[in-house]
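Take the sequences, apply the hints, and build the full model.
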Amino acid sequence: GIQVEQSPPDLILQEGANSTLRCNFSDSVNNLQWFHQNPWGQLINLFYIPSGTKQNGRLSATTVATERYSLLYISSSQTTDSGVYFCAVLLGLTGGGNKLTFGTGTQLKVEL
Amino acid sequence: ETGVTQTPRHLVMGMTNKKSLKCEQHLGHNAMYWYKQSAKKPLELMFVYNFKEQTENNSVPSRFSPECPNSSHLFLHLHTLQPEDSALYLCASGIRVSYNEQFFGPGTRLTVL
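The listed protein sequences correspond, in order, to chains G and V.
Each residue of the first sequence is one higher than the last, beginning at 1 in the working numbering.
Each residue of the second sequence is one higher than the last, beginning at 1 in the working numbering.
No lab work stands behind these hints, which were simulated from the structure alone.
Hints should not be assumed to be uniformly reliable.
To be verified - Label pairs and their in silico Cβ distance ranges: (1) G:Ser28 <-> V:Asn100: 42 to 52 Å; (2) G:Thr94 <-> V:Ser62: 21 to 31 Å; (3) G:Ser76 <-> V:Glu67: 42 to 52 Å; (4) V:Ala39 <-> G:Asn45: 20 to 30 Å; (5) G:Gln78 <-> V:His77: 39 to 49 Å.
Unchecked claim - A few chain V residues that don't get close to chain G, going by computed Cβ distances all over 10 Å: (6) Thr7; (7) Met15; (8) Lys19; (9) Ser20; (10) His26; (11) Ala31; (12) Leu43; (13) Thr55; (14) Arg96.
Just so you know, even glycine gets a beta-carbon here, dropped at the ideal spot from N, CA and C.
Pasting the structure below:
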């Protein structure tokens, strides 16, 4: 099956710093999502981005599907950005619908 | 608030108990999913339902029994679980036909004693 790798696995930032998280995938995908998992386990949708660049406030994402990677940029980080960031690739299922295959995540801690 | 709710949020059960997890989506979607997140492991798909029909079972043990009575509700019935089944169980919903994004509920954190 498809492999989804994320780097770095762990990241510690000072508040106000910028960072780039990377997601590599081993095969063509139909779509890609970025999530933030808060300390209570809730997965929050950040981006739904098959290709190109999208921005939402201090966050932006770029997917280069032909080269099989996606990047998540966090600018001016805040303590509330702490948590685990997952990318997940979307693949179709023969029975209909689709499934997400998740990467192993990047654990981010933002310190004062 | 993602439009997907799950109950209970926390559950502790013994190995001989029977319990059920409930998921409800208010997004008008027609596909629903169960995912499992164990410690130190990536989230993994368990089951997929499209229009109430199970279309994917990712080799899940029979002690997990899903049920989808309609497109808005999804259950996961649990019986004779093992301690290694302790995990966060996440429900998601989406649209069957296109490669649209999935939205997740807050999860049920299950502990099997």
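Okay, the hints, checked on the actual structure:
Between Ser28 of chain G and Asn100 of chain V the C-beta distance comes to about 18 Å, which lies outside the given range of 42 to 52 Å. Take Thr94 of chain G and Ser62 of chain V: their Cβ atoms lie about 22 Å apart, and the range 21 to 31 Å holds. Take Ser76 of chain G and Glu67 of chain V: their Cβ atoms lie about 46 Å apart, and the range 42 to 52 Å holds. Between Ala39 of chain V and Asn45 of chain G, the C-beta spacing of about 23 Å keeps the proposed range 20 to 30 Å intact.
Between Gln78 of chain G and His77 of chain V the beta carbons are some 41 Å apart, a value that agrees with the proposed interval 39 to 49 Å. Annotated as non-interface, Thr7 of chain V keeps its C-beta farther than 10 Å from every C-beta of chain G; the closest such distance is 14 Å. With a least beta-carbon separation of about 23 Å from chain G, Met15 of chain V lies farther than 10 Å from that chain, consistent with its non-interface assignment. The Cβ of Lys19 of chain V sits about 18 Å from the closest Cβ of chain G, beyond the 10 Å cut-off, so the non-interface label holds.
Chain G leaves Ser20 of chain V outside its interface by the beta-carbon criterion, the shortest separation being 19 Å against a cut-off of 10 Å. For His26 of chain V, the condition that its CB be more than 10 Å from all CB atoms of chain G holds, with the nearest at approximately 15 Å. The non-interface label for Ala31 of chain V is inconsistent with chain G: the shortest C-beta to C-beta separation is roughly 4 Å, within 10 Å. At roughly 4 Å from the closest C-beta of chain G, the C-beta of Leu43 of chain V falls inside 10 Å, breaking its exclusion from the interface.
For Thr55 of chain V, the non-interface assignment is contradicted: its Cβ lies about 3 Å from the closest Cβ of chain G, within the 10 Å cut-off. A beta-carbon of chain G is positioned within 10 Å of the beta-carbon of Arg96 of chain V; the least distance is around 5 Å.
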